Amino acid sequence: MNMETTTQAIRPEAAASDPASVETVIEARNLDLTFQTNDGPVHALKDISLEINRGDFVSFIGPSGCGKTTFLRCIAALETPTGGSLSVNGMTPDEARRNRAYGYVFQAAGLYPWRSIAKNIKLPLEIMGYSRAEQEKRVNQVLELVELSGFGGKFPWQLSGGMQQRASIARALAFDADILLMDEPFGALDEIVRDHLNEQLLKLWARTNKTIGFVTHSIPEAVYLSTKIVVMSPRPGRIHDVIDSTLPKERPLDIRDSPEFIEIAHRVREGLRAGHGDD
Amino acid sequence: MKSLLAVLTVLAAIIAFWYAACVPMNIKGVLDQAERAGAVVTPAAAKERRYMSEIGLVAKNTFAIGETWVQERPRLPAPHQVAVELWQTTVEKKVTSKRSLIYHAQVTLSATLLGFAIGTGLGILLAVGIVHSRVMDMSVMPWAIVSQTIPIIALAPMIIVVLYSIGVQGIIPKAVISAYLSFFPVVVGMVKGLRAPDAMQLDLLKTYNANTNQGFWKLRLPSSMPYLFASLKIGIAASLVGAIVGELPTGAVAGLGARLLAGSYYGQTVQIWSALFAAAILAALLVALLGLIERLVLKRMGVSA
Ligand SMILES: Nc1ncnc2c1ncn2[C@@H]1O[C@H](COP(=O)(O)OP(=O)(O)O)[C@@H](O)[C@H]1O
Ligand SMILES: [Mg+2]
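Residue numbers (this note's numbering), protein chains in the order written: chain A, 105 to 383; chain B, 2 to 306.
To be clear, the hints were calculated from the coordinates, so they are not data collected in a lab.
The model shown is predicted, which means the values in this text are computed figures rather than measured ones.
Think of the CB as a built atom: it goes at the ideal place given N, C-alpha and C, for glycine as much as any other residue.
Mixed in with the good hints, there may be bad ones.
Not the full set, but computed from the structure, chain B residues with beta-carbon under 7 Å of chain A [stated by the list, open to error]:
| no. | residue |
| --- | --- |
| 1 | Met201 |
| 2 | Asp204 |
| 3 | Leu205 |
| 4 | Thr208 |
| 5 | Tyr209 |
| 6 | Asn210 |
| 7 | Ala211 |
| 8 | Pro223 |
| 9 | Met302 |
| 10 | Gly303 |
The calculated lysine-lysine pairs, modelled on BS3-like cross-linking and capped at a C-alpha distance of 27 Å, are [unchecked claim]:
| no. | chain 1 | residue 1 | chain 2 | residue 2 |
| --- | --- | --- | --- | --- |
| 11 | B | Lys48 | B | Lys29 |
| 12 | B | Lys207 | A | Lys150 |
| 13 | B | Lys300 | A | Lys258 |
Modelling step: build the complete structure from the supplied sequences, incorporating the hints.
Pasting the structure below:
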């Protein structure tokens, strides 16, 4: 698959609604993970069963410590579950990782200070052995995608926090992974920047046809972005509720004032409260 | 401007203290000389003076104070004596002359640089090994630390003798001692630098399925640069000390160490001090040069904000 087609293809509306074309990309069955720590075992994930389909935008929301990061890291094969099964693109997570199935965006942008923005975005491309010409082409494409064209020659410290985070998203988009995993990518940014980035992210998702797993603390963010919202509760981390969004694909920012939006947000809030009440 | 004033004040205070220290340090010698020349000194008997405090002697013979700064072989030479000697043995001598300090400095410098290169190379290699292999971490590091607890003064003659017995002499033994002193700070700094990337950075590379090699060249090595340069500055100064120490036990005829040694044989304190100052100036120049290279490298890497 080359970038030309992935970035330009507009998501076929029919694909998502036609049940025959639904394809499971990530599937967790009774997933369990217990960390052995010096203070004894920590049950981070308990009995997680979830299916994520191609093209889904799935948000994970819940209080801190409920295992959102841990679950995302399991998908990325950065943690190894202690029970249950997990498949990514029909493979084990580690096989998927070795096939470079996903791009991962961490909470901190984590750009290399000694590389320019363009060279930061080239990092995965260099590692994966793309040709020089291909690297240049892709860097320009993804810079445009995150609206950072013209900033390729700048160094990270010359960019604002929001721009740095966009650059790190561009870095995750530069290679042909059809899954994008994002762990509270906008957590450290202020509300206004965040709104803008959310809007951009939706556009980007529509243009690239990626499957996105997105961890957040914010109810409006989760509702605004997602096709599916996974509400989690802590100690042990488990899924409390899975909400399929009824919002349309096209989402201007003021959709957040619509009754539908408010209703979904309400259900998420209820889920979070109930999950919290358990302990 | 203000900081320049502060620096100059400190410098002036040091020089004033130095001149003051020359008076009691040299007073006995001055009085002995004056007595021999027929002057009246108090007390008159050298034997009596021997058991008097220097301060007391100065108080009773204030006329001799000026003399303490111009002796030919003082116990402690005055600053201007050292300065004059430095001037005469550098600017006023041909560089090829055996009496030129530049000539001697260059002899020591070549051993220093060779040793520094060997030590740095060895240090970096060991650090790379230590960071990538647990076995090396546990087996090499303790020995590296032990190696630095042996006083170099004790070890240097042995190194020279052993190398001489297998036919190695000249610059090599000195460079070996330099390398011995300079590899350690490089190992310590490089190990820290190569381990500087945090867990997130390493995880990021893992998501790209990068191999160890790529992780080293693209992440660990660039991350270690600031640490490396800090170590190199310590290492180069240690190298210089090593090269000088390496010149002492052989009774070498050339090099700053040789100048120190010759000076102490013949009681030429002015020569000793000027050789010491030459070494200090050389060290300062080397460290400054490394600082410059550091600035250029980090700037090219885009790190300096
Ligand atoms: N590497 C680890 N070792 C031990 N405990 C961990 C580790 N990572 C996470 N945990 C624990 O697992 C639980 C879930 O953590 P995490 O997934 O980071 O939560 P969240 O991202 O939802 O805030 C927490 O109790 C946390 O302390
Ligand atoms: Mg987290």
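Status of each hint after checking the structure:
1. Met201: For methionine 201 of chain B, the interface hint holds, since the closest Cβ of chain A sits about 5 Å away, which is under 7 Å.
2. Asp204: 5 Å, holds
3. Leu205: Hint holds; leucine 205 of chain B Cβ to chain A Cβ min 6 Å, cut 7 Å.
4. Thr208: 4 Å, holds
5. Tyr209: Given a least distance of 5 Å, the restraint on tyrosine 209 of chain B holds.
6. Asn210: Asparagine 210 of chain B check passes; min Cβ-Cβ to chain A is 5 Å, inside 7 Å.
7. Ala211: 5 Å, holds
8. Pro223: 5 Å, holds
9. Met302: For methionine 302 of chain B, the interface hint holds, since the closest Cβ of chain A sits about 4 Å away, which is under 7 Å.
10. Gly303: 5 Å, holds
11. B:Lys48 <-> B:Lys29: 11 Å, holds
12. B:Lys207 <-> A:Lys150: 25 Å, holds
13. B:Lys300 <-> A:Lys258: 13 Å, holds
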